[in-house]
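**Student:** Residue numbers 7 to 385, in our numbering, belong to the letters of the sequence shown in order.
Certain hints may be false.
[As the list claims (entries may be wrong)] SDA-like, lysine to any residue: derived pairs with alpha carbons at most 25 Å apart: (1) K214 with L248; (2) K104 with K122; (3) K140 with F77; (4) K210 with M179; (5) K238 with Q196; (6) K104 with F77; (7) K144 with E182; (8) K50 with L248; (9) K107 with G128; (10) K103 with K122; (11) K165 with M133; (12) K148 with K165; (13) K122 with P285; (14) K364 with Q175; (15) K34 with S374; (16) K252 with E233; (17) K214 with K148; (18) K252 with S202; (19) K371 with N360; (20) K104 with V70; (21) K140 with L71; (22) K29 with R161; (23) K165 with D181; (24) K350 with V335; (25) K107 with S374; (26) K29 with V15; (27) K163 with K350; (28) K364 with N168.
In case anyone wonders, no lab produced these hints; they're calculated from the structure.
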Amino acid sequence: MKIAHLTSVHQRFDTRIFLKQCKSLSRKGWDVSLVVADGKNDEKRDSIDIYDVGIGGNRIERFVLTTTKIFAKALELNAEIYHLHDPELIPIGLRLKKVGKIVVFDSHEDVPLQIKTKPYLGRILGMLVAGLYKLYEKSALKKFDLIVTSTTLIRDKMKQINPDVIEIQNFPMIDEFPSEPNDWQMKENQVCYIGSLTAIRGIKEMVKAISLTNSDTRLVLGGSFSETSFEKKVKSLEGWKLTEYKGFLNRMAIKEILSKSIAGLVVLHPTCNHMDALPVKMFEYMSAGIPVIASNIPLWESIVLGNNCGYCVDPFNSLEIAHAIEFFVSHPAVAETMGQNGRKAVRNLYNWQNEEIKLINAYEKLASQKLASQINSNA
7 MKIAHLTSVH QRFDTRIFLK QCKSLSRKGW DVSLVVADGK NDEKRDSIDI YDVGIGGNRI
67 ERFVLTTTKI FAKALELNAE IYHLHDPELI PIGLRLKKVG KIVVFDSHED VPLQIKTKPY
127 LGRILGMLVA GLYKLYEKSA LKKFDLIVTS TTLIRDKMKQ INPDVIEIQN FPMIDEFPSE
187 PNDWQMKENQ VCYIGSLTAI RGIKEMVKAI SLTNSDTRLV LGGSFSETSF EKKVKSLEGW
247 KLTEYKGFLN RMAIKEILSK SIAGLVVLHP TCNHMDALPV KMFEYMSAGI PVIASNIPLW
307 ESIVLGNNCG YCVDPFNSLE IAHAIEFFVS HPAVAETMGQ NGRKAVRNLY NWQNEEIKLI
367 NAYEKLASQK LASQINSNA
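With the hints as constraints, model all of the structure from the sequences given.
**Tutor:** Quick look at the structure:
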């Protein structure tokens, strides 16, 4: 079976798209291609053909020119199943349906909710644009063969549009981190955060917190700042002197940092999008065997406290974050035990291998339905 994943926004080695979905489908023995728009040229990686249509530019160029190029490449590939990962590719999906292709849409985020909270749109315009998108989404997605979602909340919303919905969570891959317990004696006096460096990710509160600790613990940040003004503000804080900024990191570098860290921070602000989402980094900290310091969002608390693998704090309270950091620094035995509890929870429940089975079963069902339809039409 020939499969093509399409994205105009994500990086070619995106964790969810390439490392998890594409590689899982390729291991099944299927012919998998990935079409991207990053300007890094074509290549073959891990038996997956990656095709680059060129870097997009601004939003308008990306929406018009890039999507046109992606559609042309999609037709050229002549796959049986097309898996779309961005809202701006929905028109491509509709055109692919018209030529008889199986189309899957992967809803990574609650897009109408995202639009409403865009600061540059304002409240009234944001609500108007979100409402218009919601109408378009409802009209278009009901024509697709399958909707994949990353959270339960998005799954339930999508079921109102299309009954063929499956939830594929962003849980970590079991084999990415060592299966043996960490040697806690090799830990360095550091805590870490890996991810996007934005205000709603609690970066400012983390940097403030590290300056409030009584120990010489440092904060290691991995990721990229999306706004220059916010970056300047964070770097002006007292805690920046105790912060080691690594910039964007590949997977090997992330594993290295986690192996040396005492705890992982995921103190995202309780925005609408975060309240019902499960941050993949939280599960990666757990998989790496380090305790989690997470926001006291009820869904997250049920996992962190339920598995006794860390503490939940008020993400706006830097002093509370600092106290949690100090606790793990001064109680290494407890930190190690909680880290192992998190690792066990991932290996038993919160792992990509379980999600992989759901994804492959869904694809096999789509293929068998297509075959049955062809047989009936020829009868």
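**Student:** Does each hint fit the structure? Answer for all of them.
**Tutor:** Against the structure, the hints come out as follows:
1. Distance check on the hinted pair: K214 and L248 sit about 10 Å apart at the alpha-carbon level, within 25 Å; holds.
2. Between K104 and K122 the alpha-carbon distance is near 32 Å, which puts this suggested pair outside the 25 Å criterion.
3. At roughly 23 Å between alpha-carbon atoms, K140 and F77 fall within 25 Å of each other, so this suggested pair holds.
4. Of the pairs offered as hints, the one joining K210 and M179 is violated, with about 30 Å between alpha carbons and a cut-off of 25 Å exceeded.
5. At most 25 Å may separate the alpha-carbon atoms for a hinted pair to count; K238 and Q196 meet this at roughly 23 Å.
6. Of the pairs offered as hints, the one joining K104 and F77 holds, with about 13 Å between alpha carbons and a cut-off of 25 Å not exceeded.
7. As the CA atoms of K144 and E182 are separated by approximately 37 Å, the hinted pair breaks the 25 Å bound.
8. The straight-line distance between the Cα atoms of K50 and L248 is roughly 41 Å, outside the 25 Å bound, and the hint therefore fails.
9. At roughly 39 Å between alpha-carbon atoms, K107 and G128 are farther apart than 25 Å, so this suggested pair is violated.
10. With a C-alpha separation of about 30 Å, the suggested pairing of K103 with K122 is violated against the 25 Å cut-off.
11. Distance hint between K165 and M133 is fulfilled; the C-alpha atoms sit about 22 Å from each other, no more than 25 Å.
12. Proposed proximity of K148 and K165 is supported: the alpha carbons are some 9 Å apart, at most 25 Å.
13. Under the criterion of a C-alpha separation no larger than 25 Å, the hint pairing K122 with P285 is consistent with the structure, at around 21 Å.
14. For the hint pairing K364 with Q175, the CA-to-CA distance comes to about 10 Å; that is within 25 Å, so the pair holds.
15. Annotation: proposed proximity of K34 to S374 holds, straight-line Cα distance about 16 Å (limit 25 Å).
16. The straight-line distance between the Cα atoms of K252 and E233 is roughly 17 Å, inside the 25 Å bound, and the hint therefore holds.
17. Restraint check: the Cα-Cα separation between K214 and K148 comes to about 47 Å, which exceeds 25 Å; the hinted pair is violated.
18. For the given pair, K252 sits about 12 Å from S202 by alpha-carbon distance, which is consistent with the 25 Å threshold.
19. The suggested pairing of K371 with N360 holds, with an alpha-carbon distance near 17 Å, which does not exceed 25 Å.
20. Taking the CA atoms of K104 and V70, the gap is near 20 Å; set against the 25 Å cutoff, the hint holds.
21. Between K140 and L71 the CA atoms are separated by roughly 24 Å; this keeps the pair inside 25 Å, and the hint holds.
22. For the hint linking K29 to R161, the alpha-carbon distance of about 23 Å falls within 25 Å, and the restraint holds.
23. A C-alpha spacing of about 33 Å is found between K165 and D181, which places the hinted pair above 25 Å, so the restraint is violated.
24. In summary, the hint linking K350 to V335 is supported, as the alpha carbons are separated by about 22 Å, within the 25 Å threshold.
25. Taking the CA atoms of K107 and S374, the gap is about 14 Å. The hint holds against a cut of 25 Å.
26. Taken as a hint, the K29 and V15 pair is honoured in the structure, with Cα atoms around 19 Å apart against an allowance of 25 Å.
27. The straight-line distance between the Cα atoms of K163 and K350 is roughly 31 Å, outside the 25 Å bound, and the hint therefore fails.
28. Restraint check for K364 and N168: satisfied, since their Cα atoms lie roughly 18 Å apart, inside the 25 Å limit.
In the structure shown, a violation is registered for the earlier hints numbered 2, 4, 7, 8, 9, 10, 17, 23 and 27, in ascending order.
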